[in-house]
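*Asks:* Sequence:
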Amino acid sequence: MQPSIELMSVAGIQTEVRRWGEGPPLLYLHPGDGLAKENEFLAALARHYQVIAPSHPGFGNSLRPDDFKTMEDLAYFYLDFMAQENLVGVTMAGSSFGGWVALEIAIRSSARLAQIILIDTVGVRFSERDKADITDVYMLSDAEIIENSYFDVARGKFDIANATDEELLIVSRNRVALCQYAWSPYMHNPRMKRWLHRVDVPTLVLWGAQDRIVSVEYGQRVAAAISDANFKMIEEAGHYPHIEKPKETVDAILAFSKNAGKEKVSRSLDFGTLKTALA
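According to our numbering, the sequence shown is numbered sequentially starting from 1.
Derived from the structure by calculation, the hints contain no laboratory data.
Note that CB positions come from ideal geometry on N, CA and C, so glycine has one too.
Careful: at least some of the hints might be erroneous.
[Said to hold, decoys possible] Distance condition first, Cα-Cα at most 35 Å in a straight line; then the derived DSBU-like pairs of lysine-lysine:
no., residue 1, residue 2
1, Lys157, Lys232
2, Lys193, Lys69
3, Lys131, Lys258
4, Lys37, Lys193
5, Lys232, Lys258
6, Lys69, Lys157
7, Lys37, Lys157
8, Lys258, Lys37
9, Lys247, Lys193
10, Lys37, Lys232
11, Lys157, Lys247
12, Lys193, Lys157
13, Lys232, Lys193
14, Lys37, Lys69
[What the hints assert, rightly or not] Distance windows between CB atoms, simulated:
no., residue 1, residue 2, range
15, Ser127, Gly23, 36 to 46 Å
16, Asn162, Gly12, 32 to 42 Å
17, Trp195, Ala83, 16 to 26 Å
18, Glu128, Gln220, 12 to 22 Å
Make a model of the complete structure from these sequences and hints.
*Replies:* Next comes the structure, spelled out in structure tokens:
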């Protein structure tokens, strides 16, 4: 299944948006690598959701205004995007850098969100200053980044010799944009840990068991810091389990969504019983 691709204006910013499928809305926030390797995963999700995957401002073919520079800008951009699209009951899923964007959105407003899926997210610092929580990819070669990011390194290879000029331009734009948002402080918001309690919708934290960019322990700490979060590992996968194990990742999301829906109905019934008792 191939997506439809459109350019639209969001908060005055030309934004590239891919769409797959029909059903309840799922807003997908891509990692720092962009959307090049995401199609199999998103097409599988589109059998169950209306999948909406913008390129963040500065990535892909989305423009980034000169005064648009921070994670805060990205958070408010996506709040505007959901309002413009009139999206409610949204499943918001983010991978790596996209997971960080999802957290920045959720600590500001979850009014339009039904649930959150965080896939090997970055964005939070737990350790002291002398210990790195997140591998510094800017200190690694391209080959080392792939080795640390993938259980099956073949999944991560980019055939630069046969890439088109457009593909090379997108890779370059993605890397520049990622540096703009995440270079300093490196891949985290120093205040995020304090505000994670504001994430008040059911959250699934998915993690590749062989991730060497961000450890399993880090993922467990993210889940523990969110009041209503489940943690699940995907075996034989690294930093991008949705790319290496798309079926297993989609199955985990669907199982979580089903259980979260049951809990929502249960809480609604309990609240209704309480209102009746108080009447």
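*Asks:* What's the verdict on Lys157 and Lys232, does the C-alpha distance respect the 35 Å limit or exceed it?
*Replies:* Distance of about 26 Å is within 35 Å: holds.
*Asks:* Check whether the Cα positions of Lys131 and Lys258 lie no farther apart than 35 Å.
*Replies:* violated (38 Å)
*Asks:* Hint check: Lys157 vs Lys247, CA-CA at most 35 Å. Holds or violated?
*Replies:* holds (21 Å)
*Asks:* Below or equal to 35 Å on CA atoms is what counts here, so check Lys258 against Lys37.
*Replies:* Cα-Cα ~27 Å, so holds.
*Asks:* So if I understand the rule, the pair passes when the alpha-carbon distance is 35 Å or less; does Lys37 with Lys193 pass?
*Replies:* With Cα atoms ~30 Å apart, Lys37 and Lys193 stay inside 35 Å; holds.
*Asks:* Can you confirm whether the C-alpha distance between Lys232 and Lys193 stays at or below 35 Å?
*Replies:* holds (21 Å)
*Asks:* Starting from Lys37, check that the Cα of Lys69 is at most 35 Å away, please.
*Replies:* holds (25 Å)
*Asks:* Please work out if Lys37 and Lys157 have their alpha carbons no farther apart than 35 Å.
*Replies:* holds (10 Å)
*Asks:* Under the criterion that the straight-line Cα-Cα distance not exceed 35 Å, is the pair Lys232, Lys258 satisfied?
*Replies:* holds (15 Å)
*Asks:* Note whether the CB distance of Asn162 and Gly12 lies within 32 to 42 Å or breaks it.
*Replies:* Given range 32 to 42 Å: holds, Cβ gap about 37 Å.
*Asks:* Straight-line Cα separation of Lys193 and Lys157 no greater than 35 Å?
*Replies:* Roughly 34 Å separates the two Cα atoms, so the pair holds.
*Asks:* Decide if the proposed pair is consistent with the structure: Lys247 and Lys193, CA atoms, cutoff 35 Å inclusive.
*Replies:* holds (31 Å)
Hint 3 from the earlier list is the only one contradicted by this structure; the remaining hints agree with it.
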